[in-house]
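Engineer: Following numbering that gives the first Met the number 0, the numbering of the sequence shown begins with 0 at its first residue and continues without gaps.
Worth flagging that the hints you see were computed from the coordinates, not collected in a lab. Keep in mind that a hint or two might mislead.
[Said to hold, decoys possible] Think about it this way: if two alpha-carbon atoms lie no more than 30 Å apart in a straight line, the pair counts; the simulated DSSO-like pairs of lysine-lysine are:
{"hint": "1", "residue 1": "Lys271", "residue 2": "Lys313"}
{"hint": "2", "residue 1": "Lys256", "residue 2": "Lys313"}
{"hint": "3", "residue 1": "Lys94", "residue 2": "Lys271"}
[To be verified] Taking CB as the label site, the calculated pair distances span:
{"hint": "4", "residue 1": "Ser114", "residue 2": "Pro44", "range": "23 to 29 Å"}
{"hint": "5", "residue 1": "Gln207", "residue 2": "Ala315", "range": "38 to 44 Å"}
{"hint": "6", "residue 1": "Ser78", "residue 2": "Lys288", "range": "39 to 45 Å"}
{"hint": "7", "residue 1": "Asn67", "residue 2": "Pro261", "range": "18 to 24 Å"}
{"hint": "8", "residue 1": "Glu52", "residue 2": "Gly291", "range": "30 to 36 Å"}
No residue lacks a Cβ here, since even glycine has one placed at the ideal position from N, Cα and C.
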Amino acid sequence: MAEEKNSSSKLKETYPLFSFSNPNQQGLGFGLFGSPEKPLPPPPPCVEVLLSEESSTVKSNAEPMVINDELTLLKGRVSTFDVFGVANSDLVAGKYEGGLKLWEGSVDLVKTLCSEVREGRLMLKGTRVLELGCGHGLPGIFAGLEGAAVIHFQDFNAEVLKHLTIPNVKVNLMKKLSQQHLLITNKTDMSISPDVRFFAGDWSEIHQLLQCGLNVDQQKVTDDSEQKECDGYDMILMAETVYSLSSLHGLYGLIKKCLCRPSGVIYMAGKKHYFGVGGGTRQFLHLVKEDGIMEACLLAEVADGSSNVREVWKFAFK
């Protein structure tokens, strides 16, 4: 009994914002600690955030993030208090979904993509890429550096895109393109410049905005002489998006609406289990297996002691 009490205390210390309520309760089955049954506010409206809407009030101080011996990216650091008025919080259900924090899975995903490219199993040049729950946007930025033609970044909060994602994209991706004389703003050179756009909103509602945005972009990047599939993104990237059991169906439904068939692929990084909130890579795998239209391949497993066991998976249509 004492061991169970100590275990519960340790979980609450690790995830102080999450309650451990009965998962069969109506609604989420979990929530902010101490208020599991409180209904969530309606999600923010789905909007496109323009590159010019970068925040001028809160500065994102860029810091180096070493991915491997060959790659170092810059990442911003922004306080949740400065942006949302909430101190020391990873998540405020229905208001803020953790996008200002750099989660381990995001770095795991970039490392895996880098290995896939280096070993010849992945070609990003000319692809249309969507990063869901992007936060810092490092996986999408890596895709851009490797020559992706379209990179769309999605996060629940427009504030995250304005204060963090857009500054990160500018300091990493656009700086590199400028050095190569491939300016994104150069309208005469769109064939070799990626189209970068940012979208905010809930997974249950944002598919129409993403699809409209992709259709416009396809007119810019598709060569009439090359009948390339234009019914979705070639690749969807996502890291630490499967933490919430209640949102897995919405996430998977969005993926199926946005992913190109039959050649589209998903790269997903996340923890095996997210204690206290019910989600995890295995719960998402179970959902995919039940649906039966995609197959999964484990690319990497990370057990470095810094968090729960983390994994990187690849999904493709059968």
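Engineer: Now, for every hint given, state plainly whether the structure supports it.
Structural biologist: Evaluation of the provided hints:
1. Proximity of Lys271 to Lys313 is assessed by CA-CA distance (about 15 Å); at most 30 Å being required, the pair is judged to hold.
2. Distance check on the hinted pair: Lys256 and Lys313 sit about 18 Å apart at the alpha-carbon level, within 30 Å; holds.
3. Taken as a hint, the Lys94 and Lys271 pair is honoured in the structure, with Cα atoms around 25 Å apart against an allowance of 30 Å.
4. The beta-carbon spacing between Ser114 and Pro44, approximately 38 Å, falls outside the hinted interval of 23 to 29 Å.
5. At roughly 25 Å, the beta-carbon separation of Gln207 and Ala315 lies outside the given 38 to 44 Å, and the hint is violated.
6. Taking 39 to 45 Å as the suggested C-beta distance range, the pair Ser78 and Lys288 conforms, at roughly 40 Å.
7. Look at Asn67 against Pro261: about 32 Å separates their beta carbons, and that is not inside 18 to 24 Å.
8. Glu52 and Gly291 have their C-beta atoms about 41 Å apart, which leaves the hinted 30 to 36 Å range violated.
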